[in-house]
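What follows is the residue order along each chain.
2 protein chains.
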Amino acid sequence: MTDMTDLSQSRCAILGGGGFIGTNLCRALQGRVAGMKIFSRRLSFPPAVSGIEWISGDFEHTDKVAEAVAGCDTVFHLLTATTPASANLDMIGDLNANVAGTLRLLDACRAEGVRRIVYISSGGTIYGIPQQIPTPESAPTSPITAYGVTKLSVEKYLHLYHHLYGLEYRVLRVANPFGPYQTAIKNQGVIAAFMRHALRGESINVWGDGSIVRDYIFIDDVISAMLAAATHEGPSRVFNIGRGEGRSLTEIVEAIEQVSGLTIPVQYGAARAIDVPRSILDITLARRELGWQPQHDFLSGMQLTWDWMRSLS
Amino acid sequence: MTDMTDLSQSRCAILGGGGFIGTNLCRALQGRVAGMKIFSRRLSFPPAVSGIEWISGDFEHTDKVAEAVAGCDTVFHLLTATTPASANLDMIGDLNANVAGTLRLLDACRAEGVRRIVYISSGGTIYGIPQQIPTPESAPTSPITAYGVTKLSVEKYLHLYHHLYGLEYRVLRVANPFGPYQTAIKNQGVIAAFMRHALRGESINVWGDGSIVRDYIFIDDVISAMLAAATHEGPSRVFNIGRGEGRSLTEIVEAIEQVSGLTIPVQYGAARAIDVPRSILDITLARRELGWQPQHDFLSGMQLTWDWMRSLS
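Listed in order, the protein sequences are those of chains G and D. For the first sequence, position 236 matches number 236 in this note's numbering, and the numbering has no gaps at all. In short: position in the second sequence from 1, add 1000, done, that's this note's numbering.
Pulled out of the complex, with its shape left as it was, chain G reads as follows (with noise of 0.2 Å):
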């Protein structure tokens, strides 16, 4: 669906490019653009992204930044320091993290010549208790973790940079994404996380009584959306990227089980004051103006990602 020809001539830098939603852009620009790079502390697959340079290094590193972004016309800025749990504990540190990190970010890209940042912005937690779902991009936005705090702070920095600098942006306030390369690292990634426990056969452990409802979409479907807002011109620059449809934790248990054939067992813990009852993103505004629309069903992106894990044990 989306239109590769304009990302030809691309050199890109994939900020976070080591991580999860990073790997799987990564592989899906590989040979279809000029050039690129990743910029990242770590790379959590290695092979999968064999071939692409990698530049080593702390977001807080400005040096090794404005070497990432030299050169390149566009960034995908995935950096996130913290998680929507760990941001809380630390407010001043999760501040100083993403928010100056990506000031400095936004000066260097200015000073390189970049022409365009897409960033990954939280859409689960950037509406905080939505007081309407499906929720669209206009809604109030009143985060109850810190982590929506400073991912609204990045939107306006850009929004703010665009005006006085022409800097152009796209944000996605993407869901719940789960796919391959995706690790339970950092408590992030309830799909990944519930797997791997179901793989080693042990029971699952959900935060309060399985109720939580989530809008999970497939990583693919992220991936293409991001490809079509690096070269996206219409008049919008912040999408909800979802598949605007909600799951509560136990029917992604329930989804687990359909597609391993295993029986789970399941512990109820206490519920987390970090998480809203229910978010389900509306993406209308992505459908109309992205061109762009989910592809995946859930339970067969569901069955991509466990086929993926079983593959690694």
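Since the hints were made in silico from the structure, they are not lab data. None of these values were measured; they are calculated from a predicted model. Just to be clear, a hint being listed does not mean it is correct.
Facing chain D, a subset of chain G residues (Cβ under 8 Å, in silico) [to be verified]: (1) Leu-89; (2) Ile-92; (3) Lys-156.
A virtual CB, placed ideally from N, CA and C, is assigned to each residue, including glycine.
Start from chain G and add chain D according to the hints.
Coordinates of chain D only, in the frame set by chain G:
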């Protein structure tokens, strides 16, 4: 209009109490609360706040901030380390000073058992270039100065601390206040600056062609809104505070000529990238929920301000 009974037992800290709004607030609170302390770097008009405890310090002095809020139930947060013009010149400095500073303040408030924070936000910058005029609180927030981005971030952290820790807050997005004790320092307060030039027989320098429209509100009306916000119990926590009327810079000059009886030469200069063309706030929510409304018409406020300015010279 404001019921002061509820504040009579209050112990208040006024952070930034040495400035324009703070000095007026302190004078309004004096003798009407059980106790009060000023925290600020300096006092613009020491005689105006004589007899009030003053803790001198920077926002970065965590121990001084903690000392200021200790034993207080109500904190008025008026501290702003930057201006709309200066913030863009050092965005990371602006972020550290205002947002990280507020996070340290919020932790001090939690530790000291503060009940409520009243925060002065920026009605003129937080919405960016408004799509709707007059602009309601629910309008999109896309600041075109870093000053507005950090004000917005502070609002979001206030919401977060309320959610996580029950710390109560009210935000007043104040338009363009003017009146006694406003100085022309740091280029804020166009009316104070213009009047000072007029008093010295100097010409007035206007950015752009004089068509920029702002919502000017007399300081006493801002103070009454702050008192109402300190005890308000309704469902809303963020309020626009202005007159809900716009005036151009040219009209400001004309009003100064009217209250002063002078003829004032004007020089027009380059427009600034940080100035939105028009900013007028919709104050319906504050009228309805705070039971507040502006009591001073524009010209009588201008006359009071002019008379005060003349009394200084």
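Hints, one by one, checked against the model:
1. Leu-89: Nearest chain D Cβ about 11 Å off; hint violated.
2. Ile-92: Because about 5 Å separates Ile-92 of chain G from the closest Cβ in chain D, which is inside the 8 Å limit, the hint holds.
3. Lys-156: Holds. Min distance 5 Å.
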